[in-house]
Amino acid sequence: MGKRAEIDVDSSRTYVGPTNNNNNKFPLSFWEVTVALCVVVSFVLGLACVYLTMPASDYSFLKLPRTLEDLQILRDHLEDYTSDYTIQVLVGYCLVYIFMQTFMIPGTVFMSLLAGALFGVFKGVALVVFTATAGASSCYFLSKLIGRPLVFALWPDKMSFFQTQVAKRRKGLLNYMLFLRVTPTLPNTFINLASPIVDVPYHIFFLATFIGLIPAAYLTVRAGIALGDLRSIGDLYDFQAIATLFLIGVVSVTPTLMSKRKDD
1 MGKRAEIDVD
11 SSRTYVGPTN
21 NNNNKFPLSF
31 WEVTVALCVV
41 VSFVLGLACV
51 YLTMPASDYS
61 FLKLPRTLED
71 LQILRDHLED
81 YTSDYTIQVL
91 VGYCLVYIFM
101 QTFMIPGTVF
111 MSLLAGALFG
121 VFKGVALVVF
131 TATAGASSCY
141 FLSKLIGRPL
151 VFALWPDKMS
161 FFQTQVAKRR
171 KGLLNYMLFL
181 RVTPTLPNTF
191 INLASPIVDV
201 PYHIFFLATF
211 IGLIPAAYLT
221 VRAGIALGDL
231 RSIGDLYDFQ
241 AIATLFLIGV
251 VSVTPTLMSK
261 RKDD
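At the far end of the sequence shown sits residue 264, using the UniProt record's numbering, and the numbering has no gaps.
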């Protein structure tokens with residue numbers, strides 16, 4: 001993959017990333033692709049087990065929702081199964097959500113809306129936070145194994161920025177990661193993939209993810225209860241909702257800023 005260039009940021013040694021003279025070369029090796037395929041097969045087998053325990057029926061409605069109309073159709077059908085086959089629906093939901101998070105498949109916002117529509121606010125938020133944290137953790141560990149060349153190939157500029165910020169904020173890293181999770185400063189997908197590469201410890205990653213996703217999960221799940229009133233995904237995040245998330249993010253990072261002033 002070529003030699004790795006190194007930089008020294010705030011006296012902590014970190015990697016900028018692999019330098020590759022052949023920009024057209026596929027960033028993952030055969031072994032790395034094999035690991036990813038094994039994970040995919042594991043999820044597929046889990047879903048197959050869920051499918052086999054469900055009653056014989058027409059499941060043509062089962063597909064990843066891409067529009068609100070798809071989601072409403074899925075909700076209408078799954079409502080008939082949720083009360084009688086609660087475990088199977090829950091396990092299937094969790095597997096799909098975690099799989100989507102692990103492999104950066106867009107559309108988890110629809111899954112969060114579905115949780116609200118099927119299970120209500122309290123259970124829905126608990127389910128979304130659990131699956132989102134599990135999926136982010138799965139992505140974190142997979143990236144730790146095989147993600148470095150892929151992340152640097154996709155987001156070289158963001159990686160440089162994120163690496164510098166993490167190095168600067170080691171003492172208040174939990175607050176900074178909470179800020180990133182609550183606010184849309186950096187995409188969650190990027191945070192999941194990049195965190196292990198810039199040496200964000202897993203316990204900090206886990207806590208920031210678990211706590212930081214609660215506000216957005218609540219907004220989305222609550223909207224899922226009134227799914228019929230939604231006209232577009234943009235209705236979820238109006239100015240008030242975004243301002244609230246930023247306010248929570250600022251509060252989460254304030255202790256770090258205050259401690260820096262005291263040190264100065």
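Keep in mind that the hints were calculated from the coordinates and are not lab data.
Be a bit skeptical, because a hint or two may be false.
[Claimed, not checked] In silico BS3-like cross-links for lysine-lysine, where the CA-CA straight-line distance does not exceed 25 angstroms:
id	residue 1	residue 2
1	Lys158	Lys123
2	Lys158	Lys168
3	Lys144	Lys158
4	Lys63	Lys123
5	Lys168	Lys144
6	Lys123	Lys144
[To be verified] For each label pair, taking beta carbons as the anchor points, the in silico distance ranges come out as:
id	residue 1	residue 2	range
7	Tyr202	Leu45	22 to 28 angstroms
8	Arg170	Ser57	25 to 31 angstroms
9	Ser57	Trp31	36 to 42 angstroms
10	Ile105	Ser160	24 to 30 angstroms
Just so it is clear, CB atoms sit at the ideal spot from N, CA and C, and this is done for glycine as well.
Here's how the hints hold up against the structure:
1. For the given pair, Lys158 sits about 35 angstroms from Lys123 by alpha-carbon distance, which is inconsistent with the 25 angstroms threshold.
2. Distance check on the hinted pair: Lys158 and Lys168 sit about 15 angstroms apart at the alpha-carbon level, within 25 angstroms; holds.
3. Proximity of Lys144 to Lys158 is assessed by CA-CA distance (about 17 angstroms); at most 25 angstroms being required, the pair is judged to hold.
4. In summary, the hint linking Lys63 to Lys123 is supported, as the alpha carbons are separated by about 23 angstroms, within the 25 angstroms threshold.
5. As the CA atoms of Lys168 and Lys144 are separated by approximately 21 angstroms, the hinted pair is consistent with the 25 angstroms bound.
6. Under the criterion of a C-alpha separation no larger than 25 angstroms, the hint pairing Lys123 with Lys144 is inconsistent with the structure, at around 31 angstroms.
7. A hinted range of 22 to 28 angstroms for the beta carbons of Tyr202 and Leu45 is consistent with their spacing of about 26 angstroms.
8. At about 54 angstroms, the beta-carbon gap between Arg170 and Ser57 misses the expected band of 25 to 31 angstroms.
9. In this structure, Ser57 and Trp31 meet the distance hint of 36 to 42 angstroms, their C-beta atoms being roughly 41 angstroms apart.
10. Distance hint for Ile105 and Ser160: a CB-CB separation of about 26 angstroms, consistent with the stated range 24 to 30 angstroms.
Violated hints for the displayed structure, listed by number in ascending order: 1, 6, 8.
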